[in-house]
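2 protein chains.
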Amino acid sequence: MLKSFFPILTWGRRYDRQTLGSDLVAAVIVTIMLIPQSLAYALLAGLPPEVGLYASILPLVAYAIFGTSSALAVGPVAVVSLMTAAAIGRLAAQGTADYTSAAIVLALLSGGMLALMGLFRLGFIANFLSHPVISGFITASGIIIATSQIGGLLGIKSDGHAMPELLASIFANIGRINYYTLGIGLLSLALLLWIRLDLRNWLERFGLGKGVAKVIVRSGPVFVIFLTMALSVTFDLGGKGVALVGDVPQGLPVLAVPHFSLDLVEALALPALIISIVGFVESVSVAQTLAAKRRERIEPNQELIALGAANIAAGIGGGYPVTGGFARSVVNFDAGAATPAAGAFTAIGIAGATLLLTPFLAVLPKATLSATIVIAVLTLVDFGMLKRAWSYSRTDFAAVAVTIAGTLLLGVEVGIVLGVGTSILVFLYRSSKPHAAIVGRVPGTEHYRNVKRHAVETIPGILSIRVDESLYFANARYLEDLIYGQVASNPEVTDVVLMCSAINAIDMSALESLESIRLQLSDMGVRLHLSEVKGPVMDRLIGTEFLDRLEGRVHLSQHHAMQAATASRQDNEPPEAALAAKL
Amino acid sequence: MLKSFFPILTWGRRYDRQTLGSDLVAAVIVTIMLIPQSLAYALLAGLPPEVGLYASILPLVAYAIFGTSSALAVGPVAVVSLMTAAAIGRLAAQGTADYTSAAIVLALLSGGMLALMGLFRLGFIANFLSHPVISGFITASGIIIATSQIGGLLGIKSDGHAMPELLASIFANIGRINYYTLGIGLLSLALLLWIRLDLRNWLERFGLGKGVAKVIVRSGPVFVIFLTMALSVTFDLGGKGVALVGDVPQGLPVLAVPHFSLDLVEALALPALIISIVGFVESVSVAQTLAAKRRERIEPNQELIALGAANIAAGIGGGYPVTGGFARSVVNFDAGAATPAAGAFTAIGIAGATLLLTPFLAVLPKATLSATIVIAVLTLVDFGMLKRAWSYSRTDFAAVAVTIAGTLLLGVEVGIVLGVGTSILVFLYRSSKPHAAIVGRVPGTEHYRNVKRHAVETIPGILSIRVDESLYFANARYLEDLIYGQVASNPEVTDVVLMCSAINAIDMSALESLESIRLQLSDMGVRLHLSEVKGPVMDRLIGTEFLDRLEGRVHLSQHHAMQAATASRQDNEPPEAALAAKL
Numbered sequence: 001m002l003k004s005f006f007p008i009l010t011w012g013r014r015y016d017r018q019t020l021g022s023d024l025v026a027a028v029i030v031t032i033m034l035i036p037q038s039l040a041y042a043l044l045a046g047l048p049p050e051v052g053l054y055a056s057i058l059p060l061v062a063y064a065i066f067g068t069s070s071a072l073a074v075g076p077v078a079v080v081s082l083m084t085a086a087a088i089g090r091l092a093a094q095g096t097a098d099y100t101s102a103a104i105v106l107a108l109l110s111g112g113m114l115a116l117m118g119l120f121r122l123g124f125i126a127n128f129l130s131h132p133v134i135s136g137f138i139t140a141s142g143i144i145i146a147t148s149q150i151g152g153l154l155g156i157k158s159d160g161h162a163m164p165e166l167l168a169s170i171f172a173n174i175g176r177i178n179y180y181t182l183g184i185g186l187l188s189l190a191l192l193l194w195i196r197l198d199l200r201n202w203l204e205r206f207g208l209g210k211g212v213a214k215v216i217v218r219s220g221p222v223f224v225i226f227l228t229m230a231l232s233v234t235f236d237l238g239g240k241g242v243a244l245v246g247d248v249p250q251g252l253p254v255l256a257v258p259h260f261s262l263d264l265v266e267a268l269a270l271p272a273l274i275i276s277i278v279g280f281v282e283s284v285s286v287a288q289t290l291a292a293k294r295r296e297r298i299e300p301n302q303e304l305i306a307l308g309a310a311n312i313a314a315g316i317g318g319g320y321p322v323t324g325g326f327a328r329s330v331v332n333f334d335a336g337a338a339t340p341a342a343g344a345f346t347a348i349g350i351a352g353a354t355l356l357l358t359p360f361l362a363v364l365p366k367a368t369l370s371a372t373i374v375i376a377v378l379t380l381v382d383f384g385m386l387k388r389a390w391s392y393s394r395t396d397f398a399a400v401a402v403t404i405a406g407t408l409l410l411g412v413e414v415g416i417v418l419g420v421g422t423s424i425l426v427f428l429y430r431s432s433k434p435h436a437a438i439v440g441r442v443p444g445t446e447h448y449r450n451v452k453r454h455a456v457e458t459i460p461g462i463l464s465i466r467v468d469e470s471l472y473f474a475n476a477r478y479l480e481d482l483i484y485g486q487v488a489s490n491p492e493v494t495d496v497v498l499m500c501s502a503i504n505a506i507d508m509s510a511l512e513s514l515e516s517i518r519l520q521l522s523d524m525g526v527r528l529h530l531s532e533v534k535g536p537v538m539d540r541l542i543g544t545e546f547l548d549r550l551e552g553r554v555h556l557s558q559h560h561a562m563q564a565a566t567a568s569r570q571d572n573e574p575p576e577a578a579l580a581a582k583l
Numbered sequence: 001m002l003k004s005f006f007p008i009l010t011w012g013r014r015y016d017r018q019t020l021g022s023d024l025v026a027a028v029i030v031t032i033m034l035i036p037q038s039l040a041y042a043l044l045a046g047l048p049p050e051v052g053l054y055a056s057i058l059p060l061v062a063y064a065i066f067g068t069s070s071a072l073a074v075g076p077v078a079v080v081s082l083m084t085a086a087a088i089g090r091l092a093a094q095g096t097a098d099y100t101s102a103a104i105v106l107a108l109l110s111g112g113m114l115a116l117m118g119l120f121r122l123g124f125i126a127n128f129l130s131h132p133v134i135s136g137f138i139t140a141s142g143i144i145i146a147t148s149q150i151g152g153l154l155g156i157k158s159d160g161h162a163m164p165e166l167l168a169s170i171f172a173n174i175g176r177i178n179y180y181t182l183g184i185g186l187l188s189l190a191l192l193l194w195i196r197l198d199l200r201n202w203l204e205r206f207g208l209g210k211g212v213a214k215v216i217v218r219s220g221p222v223f224v225i226f227l228t229m230a231l232s233v234t235f236d237l238g239g240k241g242v243a244l245v246g247d248v249p250q251g252l253p254v255l256a257v258p259h260f261s262l263d264l265v266e267a268l269a270l271p272a273l274i275i276s277i278v279g280f281v282e283s284v285s286v287a288q289t290l291a292a293k294r295r296e297r298i299e300p301n302q303e304l305i306a307l308g309a310a311n312i313a314a315g316i317g318g319g320y321p322v323t324g325g326f327a328r329s330v331v332n333f334d335a336g337a338a339t340p341a342a343g344a345f346t347a348i349g350i351a352g353a354t355l356l357l358t359p360f361l362a363v364l365p366k367a368t369l370s371a372t373i374v375i376a377v378l379t380l381v382d383f384g385m386l387k388r389a390w391s392y393s394r395t396d397f398a399a400v401a402v403t404i405a406g407t408l409l410l411g412v413e414v415g416i417v418l419g420v421g422t423s424i425l426v427f428l429y430r431s432s433k434p435h436a437a438i439v440g441r442v443p444g445t446e447h448y449r450n451v452k453r454h455a456v457e458t459i460p461g462i463l464s465i466r467v468d469e470s471l472y473f474a475n476a477r478y479l480e481d482l483i484y485g486q487v488a489s490n491p492e493v494t495d496v497v498l499m500c501s502a503i504n505a506i507d508m509s510a511l512e513s514l515e516s517i518r519l520q521l522s523d524m525g526v527r528l529h530l531s532e533v534k535g536p537v538m539d540r541l542i543g544t545e546f547l548d549r550l551e552g553r554v555h556l557s558q559h560h561a562m563q564a565a566t567a568s569r570q571d572n573e574p575p576e577a578a579l580a581a582k583l
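If you're matching them up, the sequences are chains A and B in order. Using the UniProt record's numbering, read the first sequence as starting at 1 and increasing by one per residue. Using the UniProt record's numbering, read the second sequence as starting at 1 and increasing by one per residue.
Mixed in with the good hints, there may be bad ones.
30 Å max Cα-Cα, derived DSS-like pairs, lysine-lysine [stated by the list, open to error]:
#1 B:K433 to A:K293
#2 A:K3 to B:K433
#3 B:K210 to B:K3
#4 A:K452 to A:K433
#5 A:K387 to A:K293
#6 B:K293 to A:K433
#7 B:K210 to A:K433
#8 B:K214 to A:K433
None of these hints come from the bench; they were simulated from the model. All values derive from a computational prediction rather than experimental measurement.
Construct the complete structure from the given sequences, taking the supplied hints into account.
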């Protein structure tokens with residue numbers, strides 16, 4: 001029991017010098033990668049840069065205690081930062097103390113919700129975020145995030161958390177470009193792109209080992225930060241109108257729980273829930289992908305508890321909502337992280353950086369951070385999903401398209417809710433108009449298939465219908481129309497066999513429809529039979545009036561049903577005998 | 001085309017003297033029944049009594065033109081009256097002109113929505129109101145309606161559209177009972193109950209024919225109205241504090257469309273939608289039940305148009321939302337109504353009654369109308385549904401129970417939305433954790449069933465799993481865990497056959513899960529086969545990477561899959577050969 005809540009008790013016991021070595025190497029590399037990302041994502045969330053660093057300390061320790069993934073690297077991520085900005089941007093102005101404390105409350109709320117969902121084992125809720133929806137959402141978020149940084153790269157003001165406002169504010173201010181800012185922005189973009197695409201080959205051509213080259217590439221963004229800080233000081237860019245990060249409080253965060261009002265909690269509850277679910281889905285899918293590569297398993301409900309603890313820790317430690325990041329976790333995995341302890345070592349690294357870096361951050365141009373964000377989110381954009389969904393099914397395409405359009409035009413929260421709503425509605429709509437087939441026997445077998453797709457044998461006077469859906473309230477009336485229509489247009493029919501192999505449940509509404517079908521058929525002198533009724537469905541039907549009054553029989557298999565119906569037609573067997581023989 | 005929008009063009013052509021006779025008899029009986037009900041339901045809706053009469057004139061004519069049911073009697077009904085009171089009670093005070101015009105706007109809005117739903121053939125939306133939900137809703141509404149009339153029977157004030165407020169206001173005013181009102185109320189209740197339960201036997205014992213006795217019983221409530229009016233005048237009950245109907249404008253309604261604000265439309269849009277759907281479901285189920293008895297068919301989408309036209313007519317003619325009433329339609333049917341023209345004749349009857357009655361209504365005690373309402377709604381209450389649902393399935397029971405509790409405690413709109421929401425959530429939850437079975441062969445057949453329920457034969461090394469649900473986003477991850485778990489606990493397994501007879505669809509999320517299952521199994525040296533994949537599902541799968549990379553085969557039947565897997569195990573057939581033979 002204790003061990004399932006504290007996985008650290010299991011892996012901690014096996015911890016040895018070799019694991020420590022692997023974890024330390026991974027921690028160093030992730031720390032180097034995380035420093036510029038923490039600063040940049042805090043900026044994206046509209047928060048002071050140190051908040052990003054704070055969000056990369058305690059949450060990592062909390063995840064190390066509760067988490068089940070050895071590779072997951074927790075911290076600020078792009079999508080959740082955008083969602084944070086959208087949620088708290090409505091309640092307070094950026095740069096105010098209220099804004100920062102709203103972010104902290106959001107982290108606490110989201111942490112509390114995640115932990116409760118984990119304790120009550122509600123992880124399945126996340127399954128309702130379908131893959132097309134989450135993929136469309138991340139693509140749209142990536143576009144919004146990249147667009148939101150255009151202002152920072154041009155040195156103009158831009159506002160908004162959805163495309164229409166963002167584009168409007170960019171165009172409104174397009175005349176006020178600061179060319180020094182633009183220069184720093186383009187330089188940063190170019191360097192970061194070159195580092196990502198080309199530096200490694202270049203280093204290897206110069207004879208560096210693969211491992212060393214990899215580490216240098218990953219510390220590239222930190223060098224860009226140092227370079228632009230140096231340029232900023234040398235050319236007094238601040239004096240030339242380039243936006244700099246400005247003074248940042250020194251030292252580590254003071255642990256505290258902000259005092260907050262019920263109004264604030266109410267206003268943030270829904271955004272916190274959406275952030276929790278989106279963050280969980282992103283995190284758990286990275287964790288699962290990486291775990292599968294090592295034949296490990298992660299425990300989704302425990303992951304909820306771990307992410308909950310991480311977010312509560314983020315709130316207490318002055319940070320904002322965090323989750324497992326994709327790129328960062330892959331790096332952590334590649335670098336050899338063997339246990340969640342790697343995350344705790346990363347936290348120590350970030351704490352050290354916070355102490356060392358904060359005095360110098362004042363001169364860092366914000367445009368460098370904007371460039372870091374743009375390069376990081378470009379990998380999120382995947383329009384291929386639209387094409388794959390279109391070619392696979394129009395309903396999946398509808399869900400992706402609605403999610404992307406909704407997120408771009410109306411913002412992250414509305415977008416994801418529309419996407420989930422669409423995918424559920426499409427599922428319900430489809431199941432309310434089920435596919436059905438008249439079936440016949442595949443010659444030489446006991447197998448029965450759709451007469452329209454296979455060359456099958458049917459028996460005149462016996463109509464076999466296979467309905468391809470569970471029978472429930474939404475399709476109950478449809479079923480009545482279907483069977484009534486088929487029988488009315490085939491006057492020679494004396495027996496209807498409803499093949500139930502694809503009927504996984506029958507609810508009360510459908511049971512009433514079946515009874516009314518039985519009555520209608522009975523009035524027309526037609527007997528209704530069932531075949532291949534599944535165990536769980538049969539358990540329900542036993543003892544119902546419908547079954548007691550059924551003139552026909554319930555047959556184990558469709559083949560048996562057809563044999564019996566044929567025999568009974570030949571013998572002109574009265575319904576009473578059939579009733580007596582019923583199951 | 002024209003004929004499908006105007007069914008009157010079809011039945012009007014066949015209209016003859018005999019049909020006219022039947023329709024006229026039915027119209028007289030329904031008119032007599034409708035007069036007290038119109039007055040009473042208007043009171044229930046918080047409207048002046050003449051509004052009830054107005055709602056029983058033009059809407060009936062409109063339905064006669066557009067309707068497809070020969071027996072449906074349209075007009076004010078109890079549940080919709082309660083819903084009207086709840087919707088407009090928030091916006092205006094009873095007795096004001098604003099209140100009445102809000103009711104008219106509600107009728108127009110609801111009429112417009114119904115007509116649009118009919119034109120766009122959206123009748124299937126009503127299928128999402130499951131039978132347990134609508135039944136629970138009507139039971140709870142009946143209880144609320146009966147309780148809301150206690151104040152009228154005691155002569156005290158009572159307010160509210162849900163039980164807590166209603167009971168609170170009754171207890172707050174319980175000391176102010178007017179005993180004259182109570183006397184009239186109890187007398188009316190006793191007479192109405194006696195008329196309903198006993199009068200017919202009594203008349204027949206006195207030698208009256210069955211037909212005459214029936215007509216007298218049905219006009220009973222009108223006699224009670226005349227009797228209490230006479231008592232009211234004789235004993236000057238108005239002067240003794242008994243609430244009377246009071247002055248009513250004479251004559252027929254003036255046709256008009258009220259001028260209304262956008263705010264009003266916005267506030268009434270959601271209630272109008274709920275009233276439309278509930279009214280439609282009630283109406284169409286009565287119409288279908290009665291149509292089936294005469295081997296007729298009604299056209300649900302045309303019914304939407306007809307009810308839409310009826311409600312627009314109600315709005316223009318000074319009425320409030322109407323729909324087809326259950327008891328009234330049964331009476332219409334019994335009395336021999338042969339075409340929708342019977343409704344038009346009823347409208348003439350009510351118009352005549354409006355001209356004749358209005359001068360006398362001033363002296364009618366409201367307690368008589370309260371008694372009429374109580375007697376009428378007692379038949380709506382059906383707690384048996386709770387018991388039937390409990391014994392059939394816990395999920396259906398949950399839907400009924402939530403609907404009843406929600407409606408009683410939180411009101412009609414919240415109640416029905418909670419009920420529909422619960423039934424949909426329960427359906428989604430169930431399909432997110434599908435039933436699955438390991439299957440084996442029923443000896444001597446080609447039929448495969450659950451090893452836990454049947455004595456079946458299995459083949460060592462071959463695991464056949466039947467998943468009883470369409471594979472979609474909500475259960476995709478569950479499927480992965482299921483198959484991975486089964487294979488991991490059976491190390492001797494070399495082949496997994498996924499029997500797809502109950503899989504009616506595979507969406508993109510599930511396809512990705514199948515691919516990841518295939519990969520996992522492949523890593524473990526296990527081949528994945530599919531069997532009994534339905535045509536529509538196979539159409540999707542063809543051309544996907546999953547199918548192209550599948551090591552196993554797709555077999556027409558489970559039996560064939562087992563034969564092939566056995567043969568291939570014996571031959572030690574390499575996966576490449578299986579790939580070549582696929583499909």
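Item to complete: Would you list, in rising numerical order, the hints stated earlier that this structure does not obey?
Response: 3, 7 and 8
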